[in-house]
Amino acid sequence: MKVLIIDDEDDIRRIVRLSLSRVGGMEVIDASNGPDGVREAESGHPDAILLDMMMPVMDGPATLTALRANPATESIPIVFLTAKAQTAEIERLRAMGARGVLTKPFDPLALPDLLRAVLSGGN
Amino acid sequence: MTFARRIVIGVAAGTLVPLIFAALVYRNLATQSELREGVRARYEALTSAALLERLAIDMETGVRGFRVANGQEFLEPYRAAVAALPALMRQLRSSLASGDDRGQVEEIYAHIERWRAEWAGPRIAAIAASPAVGTAEAVMLLQLPPQLGASVGKASMDEIRRLFDRWNARQREGLAKELALQAQSEFRLSRLLWGVAVAFSLLMALGAAQLLGHLHRRMDALFSGIRAAENGDYGPLDLSGRDEPALVAEAFDRMLRQVEKRDAELSSIVENIPAMIFVKDAVDLRFVRVNRAGEQLLGIARADLLGKTDFDFFPRDQAESFTAKDREVLAGERLLEIPEEHLASRDGGLRVLHTKKIPIRDGGGKPRYLLGISEDITDTRRAEEEIRKLNAELERRLAELHAANRLTAFGVDVAAALARGEKLRDSLHECSEAVIRHLGAPMAGVWVLDEKDQVLELAGSAGFDATEEDCQTRIPVGTHRLGRIAEERRPQLVSLDPDTVPGDGEIWARRRGMISFAGYPLLAGGRLVGVLSVFAGHDLTNDAIDALASVAEKIALGIERAQAREALAANEDRTRAIIDNMLGGLITADAHGRIESSNPAAERMFRCGGGGLEGHHLSERIPFAEAQTPEGWVREATRKALGRVTEWKAVRCDGSRFDMELSLFPFATRDGWHFAANVADISERREVERMKKEFVSTVSHELRTPLTSIRGSLGLLTGGVLGQLPDEAKEILSVAERNVIRLVTLINDILDLERLDSGRLEMHFVLVPVSSVVDRAIESIQALAEQTGITIESTSKGGALYADPDRLVQVLVNLLSNAVKFSAAGSTIRLSVDESKDLTEIRVTDEGRGIPADLHVAIFERFRQVEATDAREKGGSGLGLAICKAIVEQHGGTIGVESEEGKGSSFWMRLPGAASPRAAVKPGVFSRSPRPGVLLVEDDPTLLTVISRQLGEAGLDVRSASSGRGALALADERLPDLLVLDLRLPDGDGFFVVEELRRHPHGLIPLIVYSERDVTARERDRLRLGPTRFMTKSRSTDREFLDAVGEMLSEPQTKGR
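Line by line, the protein sequences are chains A and B.
In terms of this note's numbering, the first sequence opens at residue 621 and continues consecutively.
In terms of this note's numbering, the second sequence opens at residue 369 and continues consecutively.
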């Protein structure tokens, strides 16, 4: 399973990478901003994308819209990883096409399972 | 023939006789005169002839003497005689008009002239003319012719003398004849005069005798007629003829006719006069005449009365009294007036008479009749008595009226004084002057009570100088006379007798001669406001007290009014000061939104100094797009901001914009409706809010990001993902990880609480099965429980809740995790759900160490845990239960704990059950069945009726109570779906109703606090029940109220404010 992480924070990317790869045994690619993320998604063909909300240049929702607009990436399930976990926000993101929302800070040991659970349909 | 004519004719005839005689006398006298004239002429002729003779002699003598003696002196008589001769001749000629006598004189004269011409004439003339007179020559001349000698001319002279003698004799003879004739004529005249006198006298005597005889006869006839009339025979008095007696008789007859008529009239008058007129015979006092009034008065017919005396009709004593009076009158012979005498008439009972009795005398002056006039004054007397009584009554009334008028005038004076004065002091001064005027007292004063100090203060006086040394102007209540009047509230009237003990503080008044004092308490509606005092130099009476009483209340009310006015003014000043100095802006506008006033804060806010707001329309400063016209603005603004705090964009006078908070409330004054606008510049608050929001956002993101990294890193390390670490290192890393988690929790909780407080925590209410909530909660805690060997038992049922499931899960998780934390390993935690019709209760019961009773409430407060160390030990933030409480309350529920130390705790939350109508209510569904029940608690019966009807008409099942107890009884019977609660209740305030209902297991029902006054924030906390809304009656329209009711019944979610 190949997961694309799009987050502007290097530290977060590193920890998520470690968590998913070491704990969850997943293949991980990453991008530090929206445009890069879209390119990575086109080229790397990930099975899922973990997307940060707050990013410079192009924030999470914008990136999501870009990904959904791109035929190459439109079908890749997208899960948000955000510190803003208000219900209304979650509903909005779901409405925009997100598969689910995972909150920061997260337990690195539990993250791969949570991701799998979200991707498999629960939340 | 009248006597006058007879007399004229007689006199005329009498006069004719003397006239004839007069003519005869006249003729006689004329003859006599002629005779006398002849005599006189003859005497005159005799005298002149004698003179002529003399002249002739003188001439002859002179010429002879000259001739003889030749002395010039002899010529002198000659010359004088010659000179006198012509004049004498003229006289003679005139006196001897003609006849023989004159002829003879002419003859004599002719002789004389001849003599002169012959003898003396030419020569004498020549000598006399020559200058040689006396000379010899002249003598010569004379002596020539000498033949003539001395006897020359003697014969002529003798002839002349003889002529003279003859003439004289003849004259004397004539004279004698004439004198005899004259004497004869005189005798004849005297005889005539005597005859005339005798004849005239005889004639007159004859005429008079005839006339007198006739007159006597006529007068006799006249008098006999008059005497007959005198005796009452008014027969015609006819004297034939037209003389004076006949005329007199005629006139007398006319008079008699008049008298006859008058007599008839008089009789009629006498007969008809209302007074009794009677005539009695003077001798035996028998009635001879009585008129009709007399008959009626006496009740006796005239026929019965005439010829009788008083004794025949009246009781003896009365009759004696009457007759005694009659005799007195007749003896005294003059009128007697009896002002009042009583008479017993036969039919009319006792009558009162006013009688006059008059004697009537006969021709000889002796009394013949007695005339009596009696007036029946019975009724008059009675009327007079009545009038006297009426007069007395009238006078009494007039006196009363006069007194009342005086009092009224006094009252008017006082009222005018009170109305006139701008200042109370001036008014009271004028009142005092009015008192002085009306009571005639020299000093008066009005003392006003200072209620705070209980001191009477002299507020107005007249007649004395209050600054006089020992005149007090402040007198404590209860001391001195005035103070006692104030205390006892009774007037006093005191005589300041110098012999008595000197009154307190009145020495100065006595010194000025005051001897009397009156004081009156001034009560306004039973409240003492002062005392009225008067000093007088005369004794004051109760009338003075009455007078003071009549004005006391007026003055008291005047004082009260003035005090109220002053208090009002002070109040206005205070209000003004508050308004001017308050921080909030206050603008008032008329009903059309035109600004009427603004306080300095508002002017600062709008930067419109110096009244720059007034007169403008509110819409100029607070515009909004929906309102195009000022009217629209008012409509829209009142709809939005009436009684509510709302936010607007406002425009300052300099054009800049700012955020403003506006609350409008209407108020009515005498001139109609107005608006007051509370305005506040909230730009700063807005800025702060913005910054806070930003801060929260920043914290949530900027703080979480590094924490995410730390937490992640630590998690990876402690999880052994990156290889196994030494045990000690792992332990230290665990500490770090645990605290990071705590920090994250803390931040999350703080953010949650902040959102809950500010109302920005989003809630999404849906109808959710209780079981799903319970399951999610247990699921999320299961792992933790298993780690610590704790069992979680759940007895969930299939009911539904109208709630935000995520938040509810959060609460349950919190409760469960607490239970897990404080439970010993191997123990059991029970989660039970109990549903009734209205309420769902979820209970988490553990077997932990329990919570002391005094902390049962405190633990729901922030940062409170059972023990200070718990938080650190168990990794909690100390905010969990506070958040739970807030969330549950947002659901209209309650949360609490039942616990006993050492025996575990049981946390419960009660939420409006799915079975509650609210849970299923959709907006505007009042018509559903059963109808939602509203319990209305309102003490004002009118409002109670009005609101009940309105709610009933809206399709609600309304029950109402006018007291708190009544409301609780109704609620016990059946809980309503909505409680509308007034705070002011007869048996306490609304707070206790809320408190009681909170104890009720299902008491947390929706509540509208509908109160007169605004409810403070602190009070709001005490008043929350279920979803609670606060409305102020005066600021909410009926529509708004009904809308609120609708919202509360249809939408069980609400925000916290």
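No lab work stands behind these hints: they were computed from the structure.
Glycine residues also receive a C-beta, built at the ideal position from the N, C-alpha and C atoms.
Treat each hint with caution, since some may be false.
[Said to hold, decoys possible] Pulled a few chain B residues facing chain A out of the computed Cβ check, cut under 8 angstroms:
id, residue
1, T748
2, R750
3, S1081
[As the list claims (entries may be wrong)] Cβ-to-Cβ under 8 angstroms is the rule here; a few derived chain B residues that face chain A:
id, residue
4, I377
5, A381
6, G382
7, T1066
8, H1069
9, S1077
10, R1079
11, G1083
12, L1084
13, R1110
Hint check results:
1. T748: violated (118 angstroms)
2. R750: violated (114 angstroms)
3. S1081: At 6 angstroms from the nearest chain A Cβ, S1081 of chain B passes the 8 angstroms test, so the hint holds.
4. I377: With Cβ-Cβ at 170 angstroms, over 8 angstroms, it is violated.
5. A381: The hint is violated - A381 of chain B has no Cβ within 8 angstroms of chain A, the shortest such distance being about 176 angstroms.
6. G382: violated (176 angstroms)
7. T1066: Violated - the Cβ of T1066 of chain B stays beyond 8 angstroms from chain A, reaching only about 11 angstroms at its closest.
8. H1069: holds (5 angstroms)
9. S1077: This interface hint holds because 4 angstroms falls under the 8 angstroms limit.
10. R1079: Interface hint status for R1079 of chain B: holds (4 angstroms vs cutoff 8 angstroms).
11. G1083: Holds, because the Cβ-Cβ distance from G1083 of chain B to chain A comes to roughly 4 angstroms (cut-off 8 angstroms).
12. L1084: Nearest chain A Cβ about 5 angstroms off; hint holds.
13. R1110: violated (12 angstroms)
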